[in-house]
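Novice: Here's the letter readout for the chains.
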Amino acid sequence: MSDKSSERRQFITGLGLAGFTGLGAIGALYAAKRSWDPLPSVKSAGFTTIDVSPAKENQLVVEKWRGKPIFILKKSAEMKKDKRDLVIGGANYHISIGLCTHLGCIPSYRPDSHDFLCACHGGEFDASGNVTKSPPPSPLVIPPFKIDGTKLVLGEEGPEYKKLKDAGLTA
Amino acid sequence: MAHFKKANSLNEWMDQRLGVNTLKKVMQSEYWIPKDINFLWAMGMVLAATFGILVVSGIFLLMYYIPDTKLAFDSVNYITMTEVGYGWLWRHVHGIGASLVFLIIYIHMFTGIYYGSYKRGRELIWLSGMLLFVLFSAEAFSGYMLPWGQMSYWAGMVITNLFEGFSPDFAGGALNSPALVEWIRGDYVPDQAFLGRFFMLHVFLMPLMIIGVIVLHFGTLRLPHVNNQEGADIDFDEAAALWKAGNKKESKVIPFSPVFLSKDVFVLGVYFILFFYLVFYNFSFAMDPVNFDPADGLKTPAHIYPEWYFLWSYEILRPFSKDLGLLAFIFAQGIFFALPFLDRSPNVAPAGRRGLFNIWFWILLIDCIILTFMGKLPPEGIWNVIGFWAAITFFALWIALPIITMLEKKK
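These protein sequence lines map, in sequence, to chains P and G.
Going by my numbering, the first sequence opens with residue 1, and the numbers climb by one from there.
Going by my numbering, the second sequence opens with residue 172, and the numbers climb by one from there.
Bound conformation, chain P alone (with noise of 0.2 Å):
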């Protein structure tokens, strides 16, 4: 055989070789990157319907969704409104998942000063989430929702959820 059939073949077989042993590895690369993909009973499990009318003014009630806390805080007649605010049964609501947008800790509230403290990394919100201290670089989320009556539903995305978002308020 002459040399250059001979580089020939070698080439030829390592194109195979490389072309299938790759193959291989991205069909076991999806495969794996499929298997941490969140469950689809975990996904299927995102809805919770929340009354909002037991809630007092100026306390913060703490519900969950999606493993999450959910802030729900009626204002008093003496809190700022805002434009971030639900109105639910003519009251004002502060609604929001209670994790801190710089890492996720759960910021607390203090009814006295009416915001919230993050102690993790000492951020600070006001009362409808807008942040008053860095490091969070955003407002508090507002998970999306949709009013029905009294009852608030976490997970779907009401027409007042979607006012919010065009406006570009839900974070």
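Everything labelled a hint here was simulated from the structure, so no lab data went into it.
No experiment lies behind these values; they were computed from the predicted model shown.
There are no misleading hints in this set.
Result set (DSSO-like, lysine-lysine): computed pairs, CA atoms no more than 30 Å apart in a straight line:
(1) G:470 / P:68
(2) P:68 / G:241
(3) P:165 / G:470
(4) P:68 / P:56
(5) P:165 / P:74
Covered stretches of chain G, as calculated for chain P (at least 3 residues, CB under 8 Å):
(6) 348–360
(7) 541–553
Over the 12 Å line for every Cβ pair with chain P, so calculated as not near, a few chain G residues:
(8) 192
(9) 210
(10) 501
(11) 577
A virtual CB, placed ideally from N, CA and C, is assigned to each residue, including glycine.
Based on the hints, put chain G in the right spot on chain P.
Specialist: Below, chain G without anything else, positioned relative to chain P:
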């Protein structure tokens, strides 16, 4: 087939089949170690021994541990600690071992920096060592998740949130990936999927990789040999010939085994006095009381902080806004890898004889200690200010390193 003669001894039989005599020469009796070294050169063996102890204690903990979010906490705090005979011993050995392994890693690293043991053919030793540091960090973090207490849960929450990347305003949101966080967790929050995968990482994949990189780390050391107290460029062939000719006193080297190893064993003995003092009399040092509350996704502990060995890099992230903090954190994690290339001086000598570099070394060491203390204190008032300037000093030092080492005169 190779030709085999009848072996006259077990050693000869093994040598024919495995080349054990050659192996022994290369790894032990003719692996030359300079005489001019001190106890700090024993830290590698101290680390290897501590890792061994972590593996053994881990095996016993693994037999009763249950990787289920409802059962994990009790399987550790009730079954292992109160029911299993000597279960408490394995747990305290494992906790103290995990803490001390980082203390020794830091001593080992700063020894290498002080004596310039990352230059002149020793770059790969440094790089593989840094890779081990990263793997040990991942091993420590994944292990910290397993008791599923409050600190486990919230450390898991905060650290996985780092993978969200920069905020949506930064670089047009190209580096913002909340979906990546959910993928890593396998859920919206740390839960069963999260615990299961971190269990796998901690007991299998990470230890496997650590063992592999330890072998690599030893391999990178064999040809350039270990450094010495003066940074002297030793002719190992000449020094070895002197030793083999019987001029042991004149030779600058000793064989690794049994001569140097006997010194290692002495240092190990001293180290284990400290180790078992902590295990038996001060084990709470590695047992955060907050982690004795079961994980609760609806309640953040009032003040959360990592174990002491992560505090310096945690404090570097803390004084800044989210994006700057993340940049700072990535910088702090990565910059030590670049040390052999940022040090522009060809001199291999102890820092004490390198002028400006000596000052650089001690400021870096003190700065890391200050960062460690600030990381433990609550983020308020004067602590914020000190933490901020300590973080700034850290960056300034690494930016100054190429300049001050370029100014250094060649010896």
